[in-house]
Amino acid sequence: MLIAALRKEMLLQWRTRAQLMAVFVFGAAALLLFSFAVGPVAEMLRQFSAGFLWLGLLLSSTLTLAESYHAEMENHALEGLLLLPANPRALYYGKAIANWIQLTILGMALVPVMVILYDAGTTRIVALFFVVALGAAGLSAPGTLYAAMTAQVRSRQTLLPLLLFPLIVPALLASVKATSLIVLGDPMGQLKSWISLLVAFDAIYWSLCGLLFDRVVEE
Amino acid sequence: MGANLIEAENLARRYGRRWALADVSFKVRSGSVVMVAGRNGSGKSTLFRLLSTAIRPDRGKATIGGFELVREREDIRRTTALLSHYSYLYESLTARENLSVAADHLGKPRSVVMPLLERVTLAQRADDPVSTFSAGMRKRVSFARVLLQEPTLALLDEPYGQLDPEGFLLVDEVVRELKAKGTTVMLATHQLERGANLADDVIILEAGRVQWTGKASDVLTRERPGKAGGTAW
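Residue numbers (numbering that gives the first Met the number 0), protein chains in the order written: chain S, 0 to 218; chain U, 0 to 232.
Next up, chain S with everything else stripped away, as it sits in the complex (with noise of 0.2 Å):
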């Protein structure tokens, strides 16, 4: 079933690819103006490198989440593929990973932009994606629940987040300051604790929103 529900999403996915492109495009948007607002001073690039290109992430986030449910209420799909009936928990965890999958590749791709624009260049490429990829599971897994929450509502794109951003403040922290020390140094070696945390707060939101998702879908 799980299988099942990620092929349909990765198939969706694919289908509007070009749009991964344009939420890509926001977000190096959004990383250029704030490297505007701090102004030319490298060593300030530098420092808040990191909260940047997670705001620009998270922002770009919402676009992405609220999109991938666009399909789902276009003709009540996904009403029929629960009248199937289809596993809701794996209907979720099919989205959820393809969402992380797609925020991944986004962050991934929004590093380069970062390095280039705050001079935030890092040796420690694989821990830097490693990151990105655990803070990127940690805005899909209750931004999926989330945005299933907001998919019916007119004014989506606005609660979508207000509901969702307090509810990631922990993950998103903890991704800032393992990025932030990944690109400025660790010399009292935290990297670690905060990896740790975000592993933790990973663990909490993808098995509690699994639980949770049926009672959001179903009537």
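Since the hints were made in silico from the structure, they are not lab data. There's no promise every hint is true.
Counterexamples of contact, computed for chain S against chain U with all Cβ distances above 10 Å [unchecked claim]:
| no. | residue |
| --- | --- |
| 1 | 118 |
| 2 | 168 |
| 3 | 189 |
Output of the computed footprint for chain S on chain U, the stretches with three or more beta carbons under 8 Å from beta carbons of chain S [as the list claims (entries may be wrong)]:
| no. | stretch |
| --- | --- |
| 4 | 52–63 |
| 5 | 89–102 |
Cβ coordinates follow ideal geometry from the N, Cα and C atoms, glycine included.
Once you've looked at the hints, dock chain U against the given chain S.
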């Protein structure tokens, strides 16, 4: 035809303060074809959505194949298929892909998809996105989706809607085939003569209540208060 497949007792459902369905009770024999008729807004679609478990009743109870409508929802879904006003299709996917998605979730091989598209005469457009289809073609794909489920109970809400005359014949044929296989079919339609020719029994709804139940052969000749001929639905 054997025992009752559906037993509904005082089913009621409201949207806001308006009762779309109010204390509806009826029985449907297993293997029979039942036409549900009634004016627009009489509660036909709400009844079908309740029986398919897409929505829950606010009052009353029903069993389908011995399964209780609310508590044993999953069991009912395994044996019931709904042809809804919604197509349940993904616009960006092709007809073949849409049916393959359903087949994957049902644990059926994808090889069953093409014969079904041939059955609804859409094999030549199998690899075109649904977004390029007319309303009638979408209806045919939705119909194929119902057949894919091989249900014990087929709920066909306005099966003739948006179809051309050829499509009408296709629906008639499929309903007869389903009946021959022992599938119980409920169809909501405004095509009274057509429906009555296919159906064994008829339920007529009026303002969310059962106004009349009886044999299909009687439906076109019966009298309604204030209406001659009784074909106002």
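**Study point:** Broken hints, by number
**Key:** none
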